[in-house]
Amino acid sequence: MYDFSIEDYLYKFFGYRSFRTGQKEIIESVLAGNNTLAVLPTGSGKSICYQLPAMIMEGSILVISPLLSLMTDQIKEIKSFGLKDVIAINSMTPKHEKSFSMRNLQKYKLIFTSPEMLQNTFFINKLKNIHLSLFVVDEAHCISQWGYEFRPDYLRLTNVHKELESPPVLALTATATPEVQHDIIQSLQLKVCNKYIYPMDKPNLSFVVKKVPEIADKKSDIVDTLREFRVPTMIYFSSRKEAENISAYLQQELPQLRTAFYHGGLDSTDRLLIQQQFMANQLDVICCTSAFGMGINKIDVRLVIHYHAPAQLESFIQEVGRAGRDGKESVSLLYFHDTDQHISRRLIDSELPDILLIKRALNYVLENNVTKLSELEEYFLMISDNNEIQWRFLQYQLEVRDVLKVNDETINVGTVDTDNLTSSINESALQRLVYKQKKMYQMIDWINEDECRRAALYKHFQAGFQQPENMCCDYCDFMWQNWQPKMIDSNKIQTDAWHVKLASKLMIKEA
Amino acid sequence: MFQYIILYCLNNLNGERSVANIYYLLKGKKSTQTIQDSYLYNLTEFFGVYRSIARSNFNRVIDELAELNYISISGKAFATVNHEGQQNLAQLDSEFQNTYFKGMTYEKHAPQFLATFILLIQTVTNLHIKKSRFIPVIDNGSIQTNVKNFLQNKPLDMSVLLRDIYDDLRQIFSTASFPDFSIDIFVDYLTSANEIGLSQQQIALKYNISKEDVHFHLFNIIHYILEQMKLAPAKYKVLPYMSNQRQDLSLTDSAMVTYNYYGKGYSIKEIAGTRDLKESTVQDHIVEIAYVGEVKWSDHMSDEEYSMIKKALVQTNTKQLKTLKELLPDFITYFQIKLVIALWHKND
Ligand SMILES: Nc1ncnc2c1ncn2[C@@H]1O[C@H](COP(=O)(O)OP(=O)(O)O)[C@@H](O)[C@H]1O
Ligand SMILES: [Zn+2]
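Chains as they are written, first to last, in numbering that gives the first Met the number 0: chain A, 0 to 510; chain B, 0 to 347.
Incorrect hints may have been included.
To be verified - Distance ranges between label pairs, derived from CB positions: (1) 169/B to 296/A: 33 to 43 Å; (2) 349/A to 292/B: 52 to 62 Å; (3) 259/B to 298/A: 52 to 62 Å.
Stated by the list, open to error - Under the rule of at most 20 Å between Cα atoms (straight-line distance), these lysine to any residue pairs were calculated in the SDA-like manner: (4) 437/A to 458/A; (5) 129/B to 458/A; (6) 508/A to 205/B; (7) 236/B to 262/A; (8) 205/B to 244/A; (9) 205/B to 416/A; (10) 508/A to 183/B; (11) 129/B to 507/A; (12) 500/A to 119/B; (13) 205/B to 251/A; (14) 130/B to 244/A; (15) 500/A to 171/B; (16) 236/B to 244/A; (17) 458/A to 439/A; (18) 404/A to 416/A; (19) 130/B to 507/A; (20) 129/B to 506/A; (21) 129/B to 14/A; (22) 130/B to 10/A; (23) 508/A to 157/B; (24) 130/B to 278/A; (25) 500/A to 309/B; (26) 500/A to 217/B; (27) 485/A to 244/A; (28) 508/A to 127/B; (29) 210/B to 266/A; (30) 309/B to 269/B; (31) 26/B to 67/B; (32) 205/B to 243/A; (33) 205/B to 280/A; (34) 297/A to 134/B; (35) 210/B to 262/A; (36) 508/A to 314/B; (37) 129/B to 171/B; (38) 297/A to 192/B; (39) 130/B to 14/A.
I should point out that these hints are in silico values taken from the structure, not numbers from a laboratory. For glycine and all other residues, C-beta sits at the position ideal for the given N, C-alpha and C.
Here chain B stands alone, though its shape is the one from the complex:
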């Protein structure tokens, strides 16, 4: 699945970005560039889906793809997908196109949810057999607090709770079509009082896939669960109570501060002044905000300028800024182009 996702991303990037951008995308790097690119190239679903990925493992897969002649890498580490790669992608499509990632929405929440879920099951099954002494498999204070809070608010009979969890999971698994083994992997990973779960390493071995694949199988399910909890919470008994955390805007911290000022009506110049930043930096923040929050183009350009940029976008069908800038009159700024792309994208 990892290979598929990388090919898919490279294909979308269309040779216009370096492979490292995909690495930052999967890691969910909070930089203006990464966030903007993920919108530009329609890759928001994969934003931050693998925050713990190691650079060396990422590089390994890139090398493998190059060796298979699926991709070629130029001097500047820009990669294009070759004919063989396209064919492979088409083949894998049938298996993986039904993935449910929504990285931009759940990147932060998903790892927490998985950990909470794992620990909840370990805890509830142990309580069910009246065992209060066990060593939690999740080694994280805030997750342990989550579970504790959840159990405090639900003073239920443990066997009822377990039955409800079971029913919820069956419901989840019956409404989606996950890739082969996904569900088995998910179940193997669970730890209960009578059986410790397999490690991701062991799962990889068992199904003869890579460790990164295991991660994607697990998180594909988690993203789906989270989305279901949002769309149809009434169908489930337990899971919605575990996932009711507020989603936060995917903004860099600095852009968040800018957003606060901007929302109060400060101008770019004023924000730059008070925050001791370059105007171009604040402009980048505004573009970032445009993808997720409220920004009006009319605050930053005339009607005429707007329609010129929009026309250029449609005609060239590229998102490469340089090409666009060269096409447009000099008085149109990079900032204006980026802003239009962002807003146009959002209305898509």
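Next comes chain A alone, as it looks inside the complex:
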């Protein structure tokens, strides 16, 4: 059918000589027109699984991705490979650009979009008019209520997929417990589906957990560690403030290290600059929140530190997965202080609305005859101190109870009894709370467990794991003195006059 083998295409378009684990099987399944579920660890190259088919298949490929920043990073990367027929259509796209690209949809081989765009009937109608050869659901675990990043707006995909006459689906994710895998297939109503599940354990990674008696020990221990091991490092925090503070502390204590912080509160140019500095090895250490990492392709991160434990093992696996993408020996180091539990608890609590808030929101709807979703959203964000996670939860609950019509974003309380509705939503909130707490205790149990960390971590996701290539974990055999990573060369601090700096940046010799 094709003149070239798919290896030829891989080389021609992306410059890679061979496929990585899983890619070939998945691409063949896609090219054969099958529904495909692929669970591949972070960094293993999931995007090639639809980018390559986009070069070969007739028609266009629709990619639904939850994160705007991720989409733009990807598009930039794809364009940098020379594929120009890509477009991202999302709520951030300027209006005139959006209407232009929507009118010319058939021109694009790859169309990236966000779930919220899929309520736009104009857009859906345009999509109906083109030949869609593949329907890609990126970060597919978001569709599962039990996924750790459940996104109610992903539930729309089911209907949209049907409306578009059910083109073959490719669902991609990096973390999915068997429970979640089942949910993905169920939600998308895929009767037949090829599954490609690859183990997510990384044999080049060693696990270390350090329990500290005092919270302040965390930062002094980080300083000691980084003084000894000058390697590309990411440090994860659960709060922006803390990321900034520790970043400042490290800059002060270890001035020879180049440290910066990164979180969702920075503006977009600053974010891009920090990311690229890290990629270009102009930064050694990055203090960040979970906002950093998606779409980061730095292959030589040697050390991933968790200043706080994440709220569940799934996030932990994702985040440590950013270490050692080049397959070389790397270390995950997690700090834990007994009071950290409370931080996680508070985080989880803050993600769900309490009964009073639910009641206030519903009363507002009733008393003011609210029929527009946006109106309720505005009110809810106001009374909840801009808590968008809670808002998404409430929105979903209204949706499944048919009070909210997704297609036209209208609310219809009609004959519903608000007291019943309040308590039933509250019931769901409590259920979810219990579920999240269970997840949190799983994380904490892992920290406290008295057995091999590797075994204890992966048993929740898969049967067995690959033989570690280096040291395994602090329970088995880990010793810092046996870790000998390649260190960053010490760099001299630039104090050149501006015109010298300018000439160097502009790559010219000064006259």
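Chain A is fixed; fit chain B with the ligands onto it per the hints.
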């Protein structure tokens, strides 16, 4: 620099406006009130110079100034500059009075120009080392198109282009006297193929100034460049080709529509009628237009009325409408007073 600019603005406002007006001024809010005030109080240079400023950061600086006892804030959030503030202002004057902002002229163009310039340098240096794959640090389609168009029209050897840019910048920096560090900040912010630029946050840390200060340092230079391109384009090799965009009148959209009718000779009443607006709204548009476009006072008042208003203005030396209105006979309208202020201002 931020603190200086706020003190400067507050000082000009003379306690006659609330601090929020400065926020709107820096943001370049397209409202008749903000535009008129910026003319009234001689603050057009700062109009829209910081369109992305966050309210919370603005408030933070106001609080800091109050805490330092540089300003006092009245119940209605009107602020006056205290004695200490005046002294501080005088001190900072020596450092910052040579700023080159021309907000009313370049507010829209300046951010685009900076972004285009940054991306151009990243692109040209990458092309220079034959690297066509890089991730642009400017995440904006229209800026990327600007750069592409610019490069298409200038099929030059990249090393020549880089040398020209370098020479242009040296020329720029030698003709002006920028505050300390300004040039270093500007150079640190540039991204090239061999070095990604520092973020504004990092620059703030490096020079121990606020993030807002960094913004003002950068844009002071950009406004200067734009002005130079207008005044002496022949002295530069590359920059003029990047900045040849038409300037637009700083008018609210609605005033723009009014301007179109007005220019065709429609009366205020007619415009209000066809546009379904209140006459007073259209009058406000006319005042707005008076600052930037063609409006004749003789269309809206008698010679006598005009000279009365003008006299009151000179005598009281205030621009507070209420005071003026009380001083003048009842038949003189607010509209007429505002119009005279606008026209008088323009001829200044
Ligand atoms: N077959 C391959 N050979 C070499 N590099 C690859 C291959 N496939 C993907 N990559 C690279 O691996 C990196 C991670 O790919 P990506 O698709 O972003 O991973 P994921 O989405 O699974 O986290 C990218 O830089 C990509 O270009
Ligand atoms: Zn072990």
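Do the hints match the structure? See the list:
1. 169/B to 296/A: 33 to 43 Å: 37 Å, holds
2. 349/A to 292/B: 52 to 62 Å: Holds: the Cβ-Cβ distance is about 53 Å, inside 52 to 62 Å.
3. 259/B to 298/A: 52 to 62 Å: 58 Å Cβ-Cβ, so the 52 to 62 Å window holds.
4. 437/A to 458/A: 16 Å, holds
5. 129/B to 458/A: 49 Å, violated
6. 508/A to 205/B: 26 Å, violated
7. 236/B to 262/A: Given that 20 Å is the threshold and the Cα spacing comes to 40 Å, the pair is violated.
8. 205/B to 244/A: Satisfied, since the Cα-Cα distance of roughly 16 Å is no more than 20 Å.
9. 205/B to 416/A: 59 Å, violated
10. 508/A to 183/B: Given pair residue 508/A, residue 183/B holds - Cα atoms ~19 Å apart, limit 20 Å.
11. 129/B to 507/A: 15 Å, holds
12. 500/A to 119/B: 17 Å, holds
13. 205/B to 251/A: This hinted pair holds, its Cα atoms lying about 12 Å apart.
14. 130/B to 244/A: 37 Å, violated
15. 500/A to 171/B: At roughly 16 Å apart (the allowed maximum being 20 Å), residue 171/B and residue 500/A satisfy the hint.
16. 236/B to 244/A: Between residue 236/B and residue 244/A the Cα gap is close to 45 Å, so the pair fails against 20 Å, i.e. violated.
17. 458/A to 439/A: 16 Å, holds
18. 404/A to 416/A: 18 Å, holds
19. 130/B to 507/A: 17 Å, holds
20. 129/B to 506/A: With Cα atoms ~13 Å apart, residue 129/B and residue 506/A stay inside 20 Å; holds.
21. 129/B to 14/A: The hint holds at about 17 Å.
22. 130/B to 10/A: Holds - the C-alpha atoms of residue 10/A and residue 130/B are around 18 Å apart, at most 20 Å.
23. 508/A to 157/B: 14 Å, holds
24. 130/B to 278/A: 16 Å, holds
25. 500/A to 309/B: 55 Å, violated
26. 500/A to 217/B: Judged against 20 Å, a Cα distance of about 17 Å means the pair holds.
27. 485/A to 244/A: 28 Å, violated
28. 508/A to 127/B: 14 Å, holds
29. 210/B to 266/A: It holds: about 12 Å lies between the C-alpha atoms, which stays within 20 Å.
30. 309/B to 269/B: At roughly 28 Å apart (the allowed maximum being 20 Å), residue 269/B and residue 309/B break the hint.
31. 26/B to 67/B: 25 Å, violated
32. 205/B to 243/A: 15 Å, holds
33. 205/B to 280/A: 19 Å, holds
34. 297/A to 134/B: 13 Å, holds
35. 210/B to 262/A: Within the cut-off at roughly 16 Å; holds.
36. 508/A to 314/B: Measuring from Cα to Cα gives roughly 62 Å; hence the hint is violated.
37. 129/B to 171/B: 29 Å, violated
38. 297/A to 192/B: Status holds; Cα separation ~17 Å.
39. 130/B to 14/A: Roughly 15 Å separates the two Cα atoms, so the pair holds.
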